[in-house]
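Following the hints, complete the assembly by docking chain W onto the known chain C.
Sequence order for the protein chains is C and W.
Under the numbering used here, read the first sequence as residues 1 to 112, first letter to last.
Under the numbering used here, read the second sequence as residues 1001 to 1115, first letter to last.
Mixed in with the good hints, there may be bad ones.
A few chain W residues facing chain C, derived, Cβ under 7 Å [what the hints assert, rightly or not]:
| hint | residue |
| --- | --- |
| 1 | P1043 |
| 2 | G1072 |
| 3 | F1074 |
| 4 | T1103 |
| 5 | F1106 |
Treat the hints as calculated values from the structure; they're not laboratory data.
Even for Gly, the Cβ is constructed at its ideal location relative to N, Cα and C.
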Amino acid sequence: SQKIEQNSEALNIQEGKTATLTCNYTNYSPAYLQWYRQDPGRGPVFLLLIRENEKEKRKERLKVTFDTTLKQSLFHITASQPADSATYLCALDTGGGNKLTFGTGTQLKVEL
Amino acid sequence: DTGVSQNPRHKITKRGQNVTFRCDPISEHNRLYWYRQTLGQGPEFLTYFQNEAQLEKSRLLSDRFSAERPKGSFSTLEIQRTEQGDSAMYLCASSLGLSAGNTIYFGEGSWLTVV
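Looking at chain C on its own, in the form it has when it is part of the complex (with noise of 0.2 Å):
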């Protein structure tokens, strides 16, 4: 069956650390990944997306590695802050059109 695994447990970091998180996924070969972050009560927001034939990209303090090989995705925030703290959400395009699968997300927070 079709999986997309991110951490469930929470990922509690030093505030200016970096923080990284995990995305792995099986029986899907997706054009392109995407991550959100999601605030309690809020709806995602978009902050990345890397296609299939490319193995990084850079936003500001984000980074984010594709392989396809290992089926796996991480993400990093770099000099992370208290701000940063939310959850964290990849997803697949798994039909083409922007159908999108989602993680479970994974919680991260960025402590004083």
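Okay, now just chain W, sitting in the frame of chain C:
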């Protein structure tokens, strides 16, 4: 442009009642999506429209659910004879263009509680 707008933001209803949610996408976005999210889970795809045409429906969308986008602008999601299992946040999203990979913009969601 204020983004994707959803109404109402919160709805509490008794089991068996019908509810309707409205979504106003970002203007000129021709794709509109509905997702459902329960606590601790990621959003689950329900259906999407290309202009006024409903192109795909998830098997999660039972016969009690119906979605429309009559003029290719706003959309409604109706749930008939609500059940407690329908309690969730219903998210609407929109995107521009036909090519895959266009950014999808989500609304703030409509929370449904069935009591």
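Hints, one by one, checked against the model:
no.	hint	in the structure
1	P1043	holds (5 Å)
2	G1072	violated (16 Å)
3	F1074	violated (17 Å)
4	T1103	holds (5 Å)
5	F1106	holds (4 Å)
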